[in-house]
Structures are given as C-alpha cells and as structure tokens.
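Colleague: Those sequence lines, one after another, are chains A and B. Numbering of the first sequence is given in the numbering used here, commencing with residue 152 and proceeding in unit increments. Numbering of the second sequence is given in the numbering used here, commencing with residue 14 and proceeding in unit increments.
None of these hints come from the bench; they were simulated from the model. Check each hint, because a few of them may be wrong.
[To be verified] Calculated pairs, BS3-like style, for lysine-lysine (alpha carbon to alpha carbon, straight line, at most 30 Å): (1) K32(B) <-> K231(B); (2) K342(A) <-> K32(B); (3) K305(A) <-> K292(B); (4) K31(B) <-> K303(A); (5) K342(A) <-> K31(B); (6) K231(B) <-> K31(B); (7) K292(B) <-> K303(A).
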Amino acid sequence: MIHDTTIVFSRELRPVLRDPFSVIFTMVQPLFFLVLFSPLLPEETGLQWFVPGMIVMSCLFGAGSTGGNLLFEMQTGSHERMLVSPLRRPALIVGRALKEIVPTMVHSVLIIAITIPFGFRPHAGAVLGLLMLAIMCVGLGALSYSLALASKNKEWIFWAVQQTISFPLLLLAGMLLPIEGGPAWLQFLSKLNPLSYLVNAERELFNGEVLTANVGLGLLAAVGVAALGLWVGTRQMRQAVA
Amino acid sequence: MTDTMIRTSALTKRFTVKKETVEAVRGLDLRVTRGEMVALLGPNGAGKSTTLRMLTTLLPPTSGEAEVAGFDVVTRQREVRARIGYIGQGNGAGHSQRGRDELVSQGRAYGLSVADARTRAQELIDSLDLGAVADRVVSSLSGGQRRRLDIAMGLIHAPELLFLDEPSTGLDPQNRANLQEHVVRMHAEHGTTIVLTTHYLDEADALADRVIVIDHGKLIADDTPERLKADHAGDRITLTFDSEDELRRAEGHTLGIAAVHNGLTLTLRAAGGRHLVPKLMRGFDEAGVQVSAVEVARPTLDDVFLALTGRSLREENQA
Numbered sequence: 152m153i154h155d156t157t158i159v160f161s162r163e164l165r166p167v168l169r170d171p172f173s174v175i176f177t178m179v180q181p182l183f184f185l186v187l188f189s190p191l192l193p194e195e196t197g198l199q200w201f202v203p204g205m206i207v208m209s210c211l212f213g214a215g216s217t218g219g220n221l222l223f224e225m226q227t228g229s230h231e232r233m234l235v236s237p238l239r240r241p242a243l244i245v246g247r248a249l250k251e252i253v254p255t256m257v258h259s260v261l262i263i264a265i266t267i268p269f270g271f272r273p274h275a276g277a278v279l280g281l282l283m284l285a286i287m288c289v290g291l292g293a294l295s296y297s298l299a300l301a302s303k304n305k306e307w308i309f310w311a312v313q314q315t316i317s318f319p320l321l322l323l324a325g326m327l328l329p330i331e332g333g334p335a336w337l338q339f340l341s342k343l344n345p346l347s348y349l350v351n352a353e354r355e356l357f358n359g360e361v362l363t364a365n366v367g368l369g370l371l372a373a374v375g376v377a378a379l380g381l382w383v384g385t386r387q388m389r390q391a392v393a
Numbered sequence: 014m015t016d017t018m019i020r021t022s023a024l025t026k027r028f029t030v031k032k033e034t035v036e037a038v039r040g041l042d043l044r045v046t047r048g049e050m051v052a053l054l055g056p057n058g059a060g061k062s063t064t065l066r067m068l069t070t071l072l073p074p075t076s077g078e079a080e081v082a083g084f085d086v087v088t089r090q091r092e093v094r095a096r097i098g099y100i101g102q103g104n105g106a107g108h109s110q111r112g113r114d115e116l117v118s119q120g121r122a123y124g125l126s127v128a129d130a131r132t133r134a135q136e137l138i139d140s141l142d143l144g145a146v147a148d149r150v151v152s153s154l155s156g157g158q159r160r161r162l163d164i165a166m167g168l169i170h171a172p173e174l175l176f177l178d179e180p181s182t183g184l185d186p187q188n189r190a191n192l193q194e195h196v197v198r199m200h201a202e203h204g205t206t207i208v209l210t211t212h213y214l215d216e217a218d219a220l221a222d223r224v225i226v227i228d229h230g231k232l233i234a235d236d237t238p239e240r241l242k243a244d245h246a247g248d249r250i251t252l253t254f255d256s257e258d259e260l261r262r263a264e265g266h267t268l269g270i271a272a273v274h275n276g277l278t279l280t281l282r283a284a285g286g287r288h289l290v291p292k293l294m295r296g297f298d299e300a301g302v303q304v305s306a307v308e309v310a311r312p313t314l315d316d317v318f319l320a321l322t323g324r325s326l327r328e329e330n331q332a
C-alpha cells in the first residue's frame, strides 16, 4: 500500500516539479486578498490577524479545487488507465491527497515571505500551524477528489458544488472578518465549520500561543476532516467503475 | 498452466438508463486461447466496449462469470489487472505529464523497479518512434503521437494478454496502418494474446485470426474471417446491361441463383463466383442477351454482417 501510494504521489507531484512556476500561478487568489482587501481591515486586526487566515484560504481553494484535475483525467482516459493497473484503489486517492501538502506548503511559505517585509511577524509556533494545515489540506483534497468521482460524466456538478461550498466555508471561518461581532445565528453556523477551528488555532500559533484549547480544537478539526475525507474517498475509489 | 486466456459464461451486463433497463451484453460465452488475435466486431452500441470493460475489471458484470488469465474478474481483480494490458479509447497519459514520466510511473505501477521502468520506457520510445516527443508535455502531442504513447503505456509490462478498445478510432489512414503494423509485430514477436474491438471491417479482416461478431449484446458469429465469409456470404457477381429490356431477358438465365435488380444492374450472390461467370456468360450468349459489364467481388465482412443481421455495418457506422 505504501509502495502504491508513493507511486501515485510522485506521479501527481511530477508536473509540479517539472514546472515549479505553475504552483505560483495558482496562488493569485490569496494574493489579491492580501493586496486589495487587507488594507481595508481596521487597525486592531492587521496582518498578524489576517495572514494566518489567508494561509487557510489558500489551502481551501487549492486543495478544494484539486478534484478538477481528476475530473479532467476521468474525461481523457488516464484515470481509467490507473483503474486497470494493479495499483491498490485506496492508494489512488491517498497518494493524490497527500500530494496536496506540497503546493499548500509552498503557498503558505510564500505568503509568509511576502508579508514579512510589510510587518508580519510569525512566531515559531507557525511550524506547528503549517503541520496542522498540511493535515487539513489532505482532508480537503480527498473530499474534492471524492466529489470529482461522484460527478462522473457531469462535470458541472463538481464545479457548482465546489463553488457553492467554498464561499460559505471561507466567510463562516472568519478568514476575512472577525465572526465575534456578528449575530448569534452566524456565530452558530461558524461553530459548525471545521475550518473555523483551524483558523483560530493558526492565529494563536502564528502569534506564539501554543498550548491552548483553541490549538487543540484546531488539530482535532484537521484530523477529523482528514479522516473523513480519506474514508469517503477510499470508499468511492474502491467502487469506481469506468 | 492452461491455454485458455479468457473464458466467459453467460456474461451479462444491464444498465438502468432513465428508469429503463438496457441489456448491453446478453449471456456472452467466449473462449480465447493463448496466442490468439481476436477481434470483437459490431456496430456502435453493440456491447463490444462493455464486454471489454468487464473483462478488464473496470465494470462488474450483472450476472454470469468471466475468467481472464486464469482469475475471476470479480473476486480476483488485482491478479487479473497485473496480467493484462489495456489500451482504452481515451488517452492513458495525463495531459499535464510528460510522456516518458508517464511510461516510468506506469512501469512502476506494474511492479518494475525504477531502473527497469526507465530501460523499458526507452525501448518502447524507440520502437514506437516517440523519441522526439517523449519529453514533451502530453497535451502538446498530435493525436497519432498520443495514440502511440498509449500503446507504449499498455505494453510497458509486456503483458501476456492485451486488450485494445477501438484502437484506431480517430486516426488518419497512415497512422491507422502504422498502428496495425505495431499490433501485428507485437503479436508475431511476443506471442501476445490480443483482443481488440473495432467497428472497422477492414481492420478486423486484416488483423484478426478470429472474428467475433456482436450485435445487440449477443454473439452472432465466431470464426476466422475466411470461414465467416465462406459460410455466410458468397462472392458478389454484378452484371450491368445497356437496357431494361436486356436485363429483363437475362433474369431468366441466372442458373437458378436469386438476382437482385437495381437500375441496370443485377447482383447475384454465390460461392465460387469466378467459376460461375463463364457458365453464366455461355447461357446469356445462347439466349442472345447482351451483357455490357461483369464484376466479381470477394465477400467482405460487411457482407457477412449483412447476411447475419440484414443490416450493413458500413451504413450503421455512418449513421
């Protein structure tokens, strides 16, 4: 299983390694928010508050849309070719989901590097934050792939669902604006969103609070989403027919 | 080790499309032995690809059984997959990948070491004339180049049994001839058992030792192309006349062979057409009937399909 997963993982990663600039082009979205939105934030929030949220956002949009690649391979025939190979079916999704760690980490490090000259100061706890983010992006990646498998022959479903889910998740996790000031119903919805816990945890970790309840909840949310994603994805890949 | 590579019994696949049950494959009994080159021939929608998908473990059968390379396609999927090669209708190589990378990862997927996979990839790149494009991104290759890459991918582990689903669809005549040449070579040099689906009559005729004709999910004939033609369709003798009058008079002198009348031509179907023509001519001479042209055509697989189903495969494909 590890052998098979490694093969799938390295196959997925290879185009990225062959053309590293492609990773940078896919991170324009968080960059726009940094440049065009963060200056509008009130004084007391600032980059120390905003940047950790942007890192989670890049994971949400990056890993969340990665199923589109599988969808394309389902149309062209290379997914079918993998299904006929003796690679274990779960490896086909686990290897793909694990690959999401690489672009997510590259994006995060770039976002941090870009914002440091503008006054952002990450604490060493950020390393733990990135680790948690890696776990979350594996989960989101696996869910995105599952959605792609479920949208077989109906590509529009994938994009419709992905877009419809991504934006509420983004807004309710308080990535752009604090949720605390909002109405009770919105705060309640925010508590249902696993990304809210991750965003809170990242903010504390990047600002030097490591052993807190929020960090624990964030880790729990990341592990929970990863477990759910891999479970759903593995089940679907086992049943995949072509 | 048995010599049977494929054995199916009452293999059936039903789909439910818009609450209607479609029987794509109905109770198929097949047997393919080691080293054969078999073509599944039939019109679009006959169930050829569905059959192939079941044999390659891509689709579970609704009922019936199939054993491929000695293993059941439902309960022993991994064993089957490890032993077969499959070249589907689409492109096996990912469009954002480079050809050589895909060949190596394909080799790895079939258990080759990195070094062996590289060596094997290079061999196939050379033999399929992909040297100039192997290190380019797949999406930049032409249709013919991609198809050759697909074949290389299907052959990476030198499978004992290779399935090709409509291998030459969408290729220009030159690329199609090229591809057929590769298939023939592979079969001759390595004794690979090959099962291919096609709706090109000439392709089935040129490549296959045995042709299995499928229509509406059922096997309707199974034999060598020569025997199929001999058994199901005679030679076609076409007689052309200068006038309706001559033609009408000729109709009484066709040696009892049924003639189909179309414009100023009469078409007769009979075995041994070349030997019949002199006899026919003598008869016409004696009756004073003038024939302006005679043509004898060997039967094609289309004639076989026409004889078996009453429909022309050539027309079905154009529809």
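Colleague: Would you mind confirming whether the straight-line C-alpha gap from K31(B) to K303(A) stays at or under 30 Å?
Modeller: 16 Å, holds
Colleague: Tell me if the straight-line CA distance from K342(A) to K31(B) falls inside 30 Å.
Modeller: This hinted pair is violated, its Cα atoms lying about 41 Å apart.
Colleague: Given the hinted pair K305(A) and K292(B), is their Cα-Cα distance within 30 Å?
Modeller: 64 Å, violated
Colleague: Given the hint that K231(B) pairs with K31(B), test it: the Cα-Cα distance must not exceed 30 Å.
Modeller: 23 Å, holds
Colleague: Is it true that the CA of K342(A) sits at most 30 Å from the CA of K32(B)?
Modeller: Not OK: K342(A) and K32(B) at ~41 Å, beyond 30 Å, violated.
Colleague: Tell me if the straight-line CA distance from K32(B) to K231(B) falls inside 30 Å.
Modeller: 22 Å, holds
Colleague: Need the status of pair K292(B), K303(A): alpha-carbon distance at most 30 Å?
Modeller: Not OK: K292(B) and K303(A) at ~63 Å, beyond 30 Å, violated.
In summary, the numbered hints that this structure violates are 2, 3, 5, 7.
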